[in-house]
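*Asks:* Start from the sequences, fold in the hints, and give me the full structure.
Chain residues, written in single-letter form:
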Amino acid sequence: MIATAAYNEAVRRHFADPRHAGDLPADHELTLVADVSESAEGAHIVMSAGIRGDTIAGMAFRVRGCPHLIAALELACRKLTEQPVASLENFDSANITEELSVPVEKAGRILLLEDALAMLWARYAGAAD
Amino acid sequence: MSAAAVYLDFAATTPIDPRVADAMQSCLSPGGAFANPASIHIAGRASAALVEQARQRLADLLGAEPHCLIWTSGATESDNLAIAGAAGFRAHRGKHLITMPTEHKAVTESFRHLEKSGYDVTWLKPDADGLLAIDELDAQLREDTQLVSVMQVNNETGVIQDIQRIGEVCRARDILFHTDAAQSVGKLPLNLSEMPIDLLSLTAHKFHGPQGIGALYIADRPGCKVLPIMHGGGQERRLRPGSLPVHQIVGAGTAAGIARDQMADDLLHAATLRDRLWRGIRDVPGILCNGSTDHVYPGILNVSVPGVEGESLMLGLEPVCAASGSACNSTSGESSYVLRALGRSDALAQSAIRFSFGRTTTKNDIDVAIERYRWAVDHLRSIAPLHSAGC
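Heads up: the sequence lines are chains A and B, in that order. Under my numbering, think of the first position of the first sequence as 48, with each following residue one higher. Under my numbering, think of the first position of the second sequence as 82, with each following residue one higher.
No lab work stands behind these hints, which were simulated from the structure alone. Idealized CB from N, CA, C, for every residue including glycine. Any given hint could be a false lead.
[What the hints assert, rightly or not] Here are a few chain B residues that face chain A, going by a calculated C-beta distance under 10 Å:
#	residue
1	S324
2	G388
3	E390
4	L396
5	A428
6	D459
7	H460
8	I464
9	A465
10	P466
*Replies:* Spelled out as C-alpha cells, the structure:
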C-alpha cells in the first residue's frame, strides 16, 4: 500500500473541476473520437474533438486514471480548444508535464494523452481523405 | 500531520499515546535513563531495570514469560529473525517450509530469500475470504517440514486466521509455528502460555507505542530456538546484538500496559466505528468488502469499487488519510498482491481503499470518511468512460 503522491495546485484544481470532462454536444461539423487504454497502467481515455472548418471548436474527455492524467487531459483540452486542427498532430505534452510537475514514473500515463491526440489526428486525416 | 487531516491509517501506524510519550520523555530528559543497560554501573542498572519492567509489561499483555521476549527494531526484523533463524536452526532436520502469499512482505521476502538458499517453500493460497483451510495445511505437511508461518491479522484486509488450530496442527507434528502478530498484539486478546505458538512477531507502533521497537517471542520449549541473523555483542540472549534503546523500550512497555487495560474498550470502539463506516458506504453501487466479514479485526475495513482508479480515489478522499490498494508511484502499476490472491481482479484490487482506525478515532472522523468516499466515487465515475464505469 502506497500513500497519495504529491500533487501541485494545478493538478488539484483540474482534478477537482475537470470542466471538459464529459461528452461533446452533437452540433459540430465533424466529431472525432479516440479511445485508448493501457491495462498495465490501469488507465482508459476517451477523447473527443469537435471540428468546425480547420479549427478545434470543442474538446471533451472521459478518463479512468490517476490525478496527473485527469489534470493532463483537462489542460490539453483547454490548450487545444479554438486552435487549428493541425495542433493535434504537433501537440507537445512536455509543457503539460512541466506545468503539472508530473513525476518521471508517471511518464507512461502522459504518453496515453499523446496517443489519444495522435489518434484524433489520424481520424481527422482519414476523414479528410 | 495537517491539523485538518482525518487519520484512518492505523494499520500503517498508530498515534503515540500521550502517556507513552511522557514515559519516553522521562528517559530522554536530563537525568533520565540514558545509560546503556548493558553497563554494570549504577546508571546502567537503572536503565536495565526499566528495560526489564517494560519486558514484563509486554509479557503480561501476551500471557508470556518475560524471558521469552527478545527486543528488536520492529516486526520486520522479528519476522526475519524468526524465519531465517528457525529455518537455520532446524536445517539439519529438513528444509521444507510453509507460508501464504498473503503474508506481509517481511515474511514473503524472507521465505523467498530462503528459497534461493535451497529451501523448499510451499505457498498455501487462501480462499476468497482470505482464510487458510486448515485441512489444506495439514495435507501439505511433510516429514521434512520445519516451519509454518501464518499471520494472525492480515494488514490489508484485517482477516483473522485461526492461529490456535494452525498451531495445534503444527505442534502435533513437532513443526515450529511462527505468526506475524504485528496487527493483533495489543488489539486482540492473546495468552501465549495456553497457545501452541512457537514464534510471534510484534511491533509497538501498531498499538500506540513508538516506531522502531518491537519484539520476537520465542517459546521456551525443546526444539524451539533460532539462530541469530546479526552478530555483535551478547545482548538479548545473544540472539539480537546491539545496545538497547531504553526510551523506546520504555515506550513499548507503557503502550503494552495501556493496551492491556483498554483492550476491551478499544475493541468495542473499533467495532462501532467499522459498523458506522460500512453502513455509510455499503449502498455505493458495486462496492465490495475485501476479505472475510466474519473473521475480521474490526479496526480494518477494506473496500473496492469497480470503475474508479485507486490513486485518484485517494486524492478524492483528502483530507482523509487511508491506504490504497494500488502501487500508485511504482513504474509497474502493480495492484495489491494480497487482494489478487483473494481472487480480485487487477482493477478491483487497484481501487481498494483500506480504512483503519482505533482508540483515538471519532465518529466525526468516520462521517468525514463516508462523505469524502461517496463524493470521490461519484466524481470519478462521472468522468469515467461509459463502458468502463463498471457498475
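*Asks:* Tell me the hint numbers this structure goes against, listed in increasing order.
*Replies:* 1, 6
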